[in-house]
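Engineer: Each chain is listed here by its residues.
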Amino acid sequence: MNVIELKNVSYKYSAGTPFEHTAVDNVSLEIKKGEFCGIIGHTGSGKSTLIQHFNGLIKPTSGEVLVEGKNIWSKEVNIKDIRFKVGLVFQYSEHQLFEETVYKDIAYGPKNMGLDKDEIDKRVRQAAEDMGIREELLERSPFDLSGGQKRRVALAGVMAMKPEILILDEPAAGLDPVGREKVLTKIKEYHEKYGTTILLVSHSMEDIVKYSKTVLVMNKGKVFCHDDTDNVFSRQEEILGIGLDVPQITKIVIKLRELGIDLGNDIYTIDRAKERILNYLR
Amino acid sequence: MEGIINTENLIFEYSIYDENGDETGKNRVLENITLDIKEGGFVAVLGHNGSGKSTLAKHFNGILLPTEGKVLIDGIDSTDESRIYDIRQTVGMVFQNPDNQIVATIVEEDVAFALENLGVEPKEIRRRVDEALKIVDMYHYREHAPHQLSGGQKQRIAIAGIIAMRPRCIVMDEPTAMLDPKGRKEIMATIKALNKEHGITVILITHYMEEAAQADRVIVIDKGKILLDDVPKKIFSEVELLKSVGLDVPQATELMYDLRKSGVDAPSDIIDVDECAEFLFRLLSDKEQK
Numbered sequence: 001m002n003v004i005e006l007k008n009v010s011y012k013y014s015a016g017t018p019f020e021h022t023a024v025d026n027v028s029l030e031i032k033k034g035e036f037c038g039i040i041g042h043t044g045s046g047k048s049t050l051i052q053h054f055n056g057l058i059k060p061t062s063g064e065v066l067v068e069g070k071n072i073w074s075k076e077v078n079i080k081d082i083r084f085k086v087g088l089v090f091q092y093s094e095h096q097l098f099e100e101t102v103y104k105d106i107a108y109g110p111k112n113m114g115l116d117k118d119e120i121d122k123r124v125r126q127a128a129e130d131m132g133i134r135e136e137l138l139e140r141s142p143f144d145l146s147g148g149q150k151r152r153v154a155l156a157g158v159m160a161m162k163p164e165i166l167i168l169d170e171p172a173a174g175l176d177p178v179g180r181e182k183v184l185t186k187i188k189e190y191h192e193k194y195g196t197t198i199l200l201v202s203h204s205m206e207d208i209v210k211y212s213k214t215v216l217v218m219n220k221g222k223v224f225c226h227d228d229t230d231n232v233f234s235r236q237e238e239i240l241g242i243g244l245d246v247p248q249i250t251k252i253v254i255k256l257r258e259l260g261i262d263l264g265n266d267i268y269t270i271d272r273a274k275e276r277i278l279n280y281l282r
Numbered sequence: 001m002e003g004i005i006n007t008e009n010l011i012f013e014y015s016i017y018d019e020n021g022d023e024t025g026k027n028r029v030l031e032n033i034t035l036d037i038k039e040g041g042f043v044a045v046l047g048h049n050g051s052g053k054s055t056l057a058k059h060f061n062g063i064l065l066p067t068e069g070k071v072l073i074d075g076i077d078s079t080d081e082s083r084i085y086d087i088r089q090t091v092g093m094v095f096q097n098p099d100n101q102i103v104a105t106i107v108e109e110d111v112a113f114a115l116e117n118l119g120v121e122p123k124e125i126r127r128r129v130d131e132a133l134k135i136v137d138m139y140h141y142r143e144h145a146p147h148q149l150s151g152g153q154k155q156r157i158a159i160a161g162i163i164a165m166r167p168r169c170i171v172m173d174e175p176t177a178m179l180d181p182k183g184r185k186e187i188m189a190t191i192k193a194l195n196k197e198h199g200i201t202v203i204l205i206t207h208y209m210e211e212a213a214q215a216d217r218v219i220v221i222d223k224g225k226i227l228l229d230d231v232p233k234k235i236f237s238e239v240e241l242l243k244s245v246g247l248d249v250p251q252a253t254e255l256m257y258d259l260r261k262s263g264v265d266a267p268s269d270i271i272d273v274d275e276c277a278e279f280l281f282r283l284l285s286d287k288e289q290k
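For the record, the sequence lines run as chains A and B. Everything in the first sequence is counted per my numbering, starting at 1 for the first residue and increasing by one. Everything in the second sequence is counted per my numbering, starting at 1 for the first residue and increasing by one.
Hints listed in this document are in silico derivations from the structure and should not be mistaken for laboratory results. Please note that the accuracy of each hint is not assured.
[Said to hold, decoys possible] Label pairs and their calculated CB-CB ranges:
id : chain 1 : residue 1 : chain 2 : residue 2 : range
1  : B       : Asp265    : A       : Phe98     : 53 to 63 Å
2  : A       : Pro18     : B       : Glu124    : 32 to 42 Å
3  : B       : Ile106    : A       : Glu135    : 49 to 59 Å
4  : A       : Leu281    : B       : Lys223    : 34 to 44 Å
5  : B       : Val264    : A       : Asn71     : 49 to 59 Å
6  : B       : Lys223    : A       : Gly34     : 34 to 44 Å
7  : B       : Ile106    : A       : Asn112    : 34 to 44 Å
8  : A       : Gly147    : B       : Val231    : 22 to 32 Å
9  : B       : Tyr14     : A       : Phe98     : 22 to 32 Å
10 : B       : Val231    : A       : Lys220    : 38 to 48 Å
11 : B       : Lys223    : A       : Ser62     : 51 to 61 Å
12 : A       : Gly34     : B       : Asn9      : 53 to 63 Å
13 : A       : Pro18     : B       : Glu19     : 49 to 59 Å
Everything numeric in this text was worked out from a predicted model, so none of it was measured. The C-beta atom is built at its ideal place from N, Cα and C for all residues, glycine as well.
So here's chain A without its partners, still in its complex pose:
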């Protein structure tokens, strides 16, 4: 089942003025329920504009956005319900923390959903646990926490609303290697536990290949490809051609191919590279 579907969606900034700019150009795509999809594309490719369509933050200039089969801009749909159903976490989400305590910050979303106190309490504690935030931190000020902890508190605040679909814009940007891995591992565990559809926007190809099952590549406002991670990264040369990066390990394999030894075009993790090399030596 498709949880999100876009039909011929275009979005123009400053439409009808001399500054008109088409950020999303006639895009049709389908996201399946329970998919863990990485979204990549260089700056200006339209990926940020695209993801803001998924929860109705912006309205397409033309085309239709369907969430769970319903056009979110039709009269019978309340757009506020869509925002609860599709959680969107922006880059540097910790900048949006504002409450006195971690607990209150995580509770802010559920409170606005009109839930009762017991349910809010249950959700806050569960979301904190899911994001690896220890109980004793709940009464602390979010501003006393480390960068990685703050980021996880901000994520927990969205998870406490139990969205069906979670869109994460660069959730690991600016963190150190341990912080990155912790945030992304928690997101992955969350996905496995609840089956929530996850859309992960990242510039880090290493992270995308490690965590996403499918990848959607944006280029010049269009979907360049949307396929299983293996199939997408087997098109390494094309990906490099549209100004994107591939993991360093893939660059090593490409270089080796230029030298005359081909280990295959599906290598983008160290483990797989090692396995191929050892097989070759056998």
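Since the structure of chain A is already known, use the hints to place chain B on it.
Structural biologist: Chain B alone, transformed into the frame defined by chain A:
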């Protein structure tokens, strides 16, 4: 004692206060750091969040002053208030977020900002601004508005603003952390040009191992202390030690490490793509011949 920056037994701590404003303890961030940064070098400083690396960087141009010990910038003690302008002019600083460092609405005005404040002659300002913009390859954008530029371009404008002051050393605190891969490449190319072509000492604080691998010297900070201080090849050969302090190694190095664990005779000093591919080529073509 001829380094452009020297620290001697540098200790930095701050006080922790309770709700009533009474001091309840001290948090020591830097512990006995003694360093000698030579003029003309390209030094990377690595460490996980909270290791003290940014605190250390802020001592290099007197933003923070040592609790104990000394910091000398071109021989000037950083606690000498009367010389703070000389210190800031010798060592410039670039921060993580380009948006927080840009003040003007036109690129060239932004680059001229510090010079105007220093009372430099208008003609000289024009000359230096043009020169700085050319060095960072942003001269064509001199009349653009900064908000229309990409993150990498904005960060290069911030760097140009520092270069215009003609510092002998630039400290960059994670200048690429908020940029996309393209912007990151642009900044690394700029850093190398500053260092190799213009002889400016660069101290780069970073989380990216691939960036640190391009420096001449890498200093690893952990828990406020210097854990390692050596050339990149030696630093990254310490795979286990680096991982134990929450750091990583370039994928090329990690592949060699994994191969060694599987019994392949792979070198420990490979840190970039080309060397790695060439080693693998030799390894695998030897096998074909046998």
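Engineer: Which hint numbers doesn't this structure obey?
Structural biologist: Violated: none.
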